[in-house]
Structures are given as structure tokens and as C-alpha cells.
Amino acid sequence: MALLALSQITKSYGKQDKKLLVLDNLSISVSEGEMIAVMGKSGSGKTTLLNIIAGIDYRDGGEYWFDGKPVRIKQTSDGVRFRRNKIGIIVQHFALINDYTVFENVEIGLWETKMSRQDRRKRTSEVLEKLDILRLENQYPPELSGGEKQRTAIGRAIVAKPLLILADEPTGALDKQTEDSIMDVFKDLNNSGSTMIIITHDEDVANRCTRIIKLEKR
Amino acid sequence: MILHWKSNMLILADLVLCALMIFIMLQNYFFMKYDYNFYYGDEKLADRYRLNVVSGESDNPFEQSSPMYKAALQVKQDLWSSPLWKTNYIVLSTIPMEWLDPDLPQIFNIQNDPTIQRAPEETGISGYVFSDAVIQMQNIKLQEGRGFVSDDYQNTSSEMPVIMGYEFKQYFSLGEIIKQGDLSYCVIGFFEENSFCFPGSEEICNLDRSIVLPRVLYSDQFGEDVQLKFSLTCDLYPLDPQTDVQNEINRITSQYGFYGMTGEPINGSAYRNTELISGKNIALIFSLTVLSAILCLVALSNILSKRTLRDQATHCTYLLSGIPLWKINFSIIIELALWTAISVSPPIALSYFEYGQLFVSPWYILGFLSVIVAISVIPSFLIAGKGNIDLFIRNQSE
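Line by line, the protein sequences give chains A and B. With the first letter of the first sequence counted as 1, position 174 gets the number 1140 in the working numbering; the numbers rise by one all the way through. With the first letter of the second sequence counted as 1, position 53 gets the number 58 in the working numbering; the numbers rise by one all the way through.
Hints may be right or wrong, so weigh each one.
[To be verified] Result set (PhoX-like, lysine-lysine): computed pairs, CA atoms no more than 25 Å apart in a straight line:
1) Lys146(B) - Lys174(B)
2) Lys1096(A) - Lys1080(A)
3) Lys332(B) - Lys1040(A)
4) Lys1040(A) - Lys391(B)
5) Lys981(A) - Lys391(B)
6) Lys1153(A) - Lys1096(A)
7) Lys1127(A) - Lys332(B)
8) Lys311(B) - Lys1052(A)
9) Lys1127(A) - Lys1088(A)
10) Lys1040(A) - Lys1052(A)
11) Lys1127(A) - Lys1153(A)
12) Lys311(B) - Lys285(B)
13) Lys1127(A) - Lys1080(A)
14) Lys1007(A) - Lys984(A)
15) Lys1088(A) - Lys1153(A)
16) Lys391(B) - Lys1052(A)
17) Lys1096(A) - Lys1040(A)
18) Lys1180(A) - Lys1142(A)
19) Lys391(B) - Lys311(B)
20) Lys1007(A) - Lys1142(A)
21) Lys1080(A) - Lys332(B)
22) Lys985(A) - Lys1180(A)
23) Lys985(A) - Lys391(B)
24) Lys1035(A) - Lys1080(A)
25) Lys1153(A) - Lys1052(A)
26) Lys391(B) - Lys984(A)
27) Lys1052(A) - Lys1080(A)
[Claimed, not checked] Here are a few chain B residues that face chain A, going by a calculated C-beta distance under 10 Å:
28) Gly194
29) Gln232
30) Leu233
31) Lys234
32) Ala318
33) Cys321
34) Leu324
35) Leu325
36) Pro384
37) Phe386
38) Phe397
Simulated from the structure, these hints should not be mistaken for laboratory data. Glycine included, each C-beta is placed from N, C-alpha and C at the ideal position.
Based on the sequences and whatever the hints tell you, model everything.
And the structure:
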């Protein structure tokens, strides 16, 4: 069953005479449990696609269904509401809050759930355990290695058990060894049923996914 | 909140300064308003009033030879029997050397102390004459014995009852009769240690080395005239604080064609100690307050804007995690509300320290500060609202 479907999505930037068409009639469908790599050269619209899927950016045209419902994002708050507990996002440079501990950074993903504080702490600990960073729970991001930071960011993205995990160049800032360990984490998550879309330049990363979508620069 | 302790301290300092300025302005405004009412308006409230007779220099209405003497007696009668207030007086009375027992220590003798100027017949002992309501109205506590009763004021044939200060307790005992020539005195009570009385408008007198009498010594030397003078320059304690004392005094004096009398508020009002504050002063303070409020607004807005700009990445992380913008803005409001509430406490503490009470409602100060904070937070909301997750993701990826 398709978790999300994009039909004839168009997106361009700039004003009328200098319009830059980034996505032109793009149609894709992602089924539950898939692990998709989106590849393409710089400027091919990978991040734009991610933004549209995540409700961060608005599409100019086309249809978007998520979990069987049409998605209409007209303002920032619509996007925030849409993402909440449905989509977990991981970015290349982790987007961690340096003044929060690892535990608190992961727990942010549960702030908008209706879980009790006790349940939130329990769930956060479970995720930290799963990602093998429980020992780091009281440390702050500047004290972590790149891999540990990315594991923390993954923890924040998955802690609320979202339907879809979006990752934008998740291994872009990591060395080869750390990249492999992070991909192992993604693979484990996928094997346990998580649907994932990973935007990457890296062939090795893409090859570990179940499907590759290549975007052409227009 | 812990994350921004430097900016928070600046915000708090700004708000405290502004709160103090607003407090000073409002306080002075209220003082001015009170003084205006005191001099020109209808409000004449005080706990205690001191009566003064405004008589001509050529006539002393307290002498029996004065044509006003009878009127004075009638005015005294009406004043002292009025149900609107209680009356009393305290008169300083000389205690002669004969009072000194040879066994009393030298501390009671100040004749050898060059710093105190007293007549040769005076001692270190203060003597007071209390009218019957003084002890009750000034809440003076007796450690032992009793206060004066009406018989003590009327019966002049027997021993004169006296109440002594705490330091006499080791030399005299309750019921002891002290004979001094033709006069004799009976000790009927001792005051508690560190008891005080308020004889005038300003001074407070310790009673530890004092002896209190119900009437003057040697009444044959002073006579009824002096008693009348004491009675017409007495203190009034209105039973209802809303009583228009001056109006009632005017009514009584005019009834007998007596001289004008003024009821000067003595205590219960710290306003009284402030001089009349001019409108120009208030205008100046008001201008300074407006200026400081503008400066506070600019500083606050600047600090908050810079802080929000610095926090944009954090806000984007929140937005990515599904936390709505209004909650981010609300957290700013909560934090500012806390600092605003705290900043009201220094003016309150100052007011209590200086006057023992609040003349300016904290809600007024809070209201002023809230307006300043509400305006200064607008740029921060605009900045927070412009947090662009798309740019955040792309910039991070570069």
C-alpha cells in the first residue's frame, strides 16, 4: 500500500521572467516499508522534493497524498501540524541543540505527543539504547563525534515512531566507517518496518536502499 | 531560560530600572495628589490630630481674665465630650531634685553631664503628665500595677499616684509611698522595659527613666488655666478615619465665637512628611520616566531580537520536530512575564523599607511594564515567524 504518492508535482523558484523550474511533473509513489534513495546532481531538486514531502515548502502544482489523504500546505503552521508525529527528518549537519543533552535532544521529538513525562523518558531511553548512545545521554552535542551526533539526530527523528523518515544527506558529514555504521542503523530501522527516503550523492548509500530515484537537472 | 542568562540579566536590569522610574513617578504623583487634597481638597485623614488655638497676641484665652476664657471652657467641654474622637495630652513636667533618693545611682543625675543642658533643679528623670486616655491610645504597656483611673484625676487630697519607668523598678516597689515635704506620692505601676510615648508631632520618648503623673505637681502654682491650655492643645484620635476633624472643630469653635483652631494631622500618614510637590517636578519626572521607558523598550527589543536571531536554528529544529511557532512565541512571553513580575519587587521593597507601606499599587507598575514588554517583543515575534526551515536545511547542507 502506498504511504505517499506525488502526482505531477511542479515547483519553480524566482519571479516570472527569471523563473527556475526545479521539479517538472514529478510523480512518485512510496510504499510502506520501502527504503528509497533519491539521487541527482546539485540543483536537481532533491532537497526541494524532500521539503515538499515534509510539508516545509509549497508545491506550485500537482497532487500529494500521504497515508491516503490529500496534503494541502498553505502556511507554515499547516506544515508543522502535518509533520507532527508523522514525519521524522534528519539533516546532514544534525540540527542538534547544543545547550540540550543527548537525552533532551532526542526527547524533543516527543514534546508534541500526548505521552506522560514518565512514558516520554522511558521511550527516549529505549531509542537511545537501540541506537547505542544511552551511555551518552547526559553529554552535550559539542562533546560528541560526528557519528554520535547523527545517531542523536536519528533518535530525535524516530522517537515518536513516525510513518516516514526523511534524511537529507545523512552521511554527508561523516567518514566512511561512521557512514557504514549509520547506514546499518537505517537498515535496521527499515527492517523493523520504517519507511525511509534518503537523499544522497553517495552511490554506496544508495546501493543499500531498496529503490533508487534519480532526478535530472533541468 | 538558563541558556540566555546574560541577556536575561540585561532584560531584568532594564525592567527593574524602568519599574523604579515608574514607581518614583507614580509615588510622587500620588504624593502631589494627596498634598493637593490635603491643602485644597476634602481629604483630611490622619490617625492623630494636634490641636492649636489661633488666638491674637494680645489675648490669652486660657487666663481667667480673658473675655474668651468662658468660651474656651465651653469649647473644651464640647471637644472632650465629642463622640467622634478620643482626646488626650502629654505634658513634659519637671521632676525636682528632691525626688532623688541618696541611694539612686548616678545615672539618674545628669547634672554632671556637660552634653545635656538642664536647669540646676532638673534631674535625668523625665516627668510627664498623661491625660486618662494616653496609655490606651498610645498602647503603652504596664509590666506591673495599673494605669490611671478617673479618681486619680479628680482627687487632689490624697497621695498623687505615679507610674514609673522600668529602671525605677529596682529602687521602688508597687504601693510604696514617697514623701517629699508636703506632697506624697504612691507608686501604682511600672511600665514595661523600652516603653515609648509620643508627646509631640516628631519626637518619641523612652519611658524607662520617666515618671508619669495624672496632673501637674504644685497645681497651686499652675492653676486651672494651665489645665485648660493642656486640654485645648491636646491630641484628637478620630474613631472613624473618615471624620472631617477640621470641619467639626470649626463647628464647635464658631458655636461659641471662639478663636479659630486647627487640627494638624500628626501621624498615620507618611504623606505629611513630604513637601508640596510641584506640577513642574511631576512633569519632569514624567518626562524622565517616558524617556527611560523608551530606552528600556529599545534596549529590550534589541536584546530580544538579537537573541531570537541567534535562536533561529533552534527554532527551526523545533519546527522540524512538529513544535508549533505559537508555542515558541509563548515561551518567550512566559519568560518575559517572569522577569516583569520579578522587576516589580524592588519598588515594592523600596516602598516598604522607606515608608512601611505601599502608596503605589504594584498593578500600576506591572501594567506600565507590560505595555513596554508587549511592544518590545513584537520584533522578536516577527523574526521567529520568519524562521525558514528550507533555508536552514540547505544552509546546513552546504
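Exercise. Does the alpha-carbon distance linking Lys1180(A) and Lys1142(A) stay inside the 25 Å limit?
Worked result: holds, 23 Å
Problem set entry | Hinted pair Lys1127(A) and Lys1088(A), Cα distance within 25 Å | holds, 14 Å
Problem set entry | 25 Å Cα cutoff - pair Lys1088(A), Lys1153(A) | Holds. Lys1088(A) to Lys1153(A) sits at ~24 Å (cutoff 25 Å).
Exercise. Does Lys1040(A) pair with Lys1052(A) here, judged by a C-alpha cut-off of 25 Å?
Worked result: Holds, at roughly 18 Å.
Exercise. When you check the alpha-carbon spacing of Lys1035(A) and Lys1080(A), does it fall within 25 Å?
Worked result: holds, 23 Å
Problem set entry | 25 Å Cα cutoff - pair Lys1007(A), Lys1142(A) | holds, 21 Å
Problem set entry | Pair hint Lys1153(A) and Lys1096(A), alpha-carbon separation not exceeding 25 Å | holds, 13 Å
Problem set entry | Restraint status (C-alpha distance of Lys391(B) to Lys311(B) at most 25 Å) | At roughly 14 Å apart (the allowed maximum being 25 Å), Lys311(B) and Lys391(B) satisfy the hint.
Exercise. Was the hint right that Lys234(B) lines chain A, CB cutoff 10 Å?
Worked result: Not OK, violated: Lys234(B) not within 10 Å of chain A, min 78 Å.
Exercise. Taking only the CA atoms, is the gap from Lys311(B) to Lys285(B) under or equal to 25 Å?
Worked result: violated, 39 Å
For this session: Quickly compare the C-alpha distance for Lys981(A) and Lys391(B) to 25 Å and report which way the hint goes.
Result: holds, 20 Å
Exercise. Hey, does the Pro384(B) contact hint survive, CB to chain A under 10 Å?
Worked result: violated, 18 Å
Figure legend: structure checked against the earlier numbered hints; hints not met, in rising order: 8, 12, 17, 28, 29, 30, 31, 36, 37.
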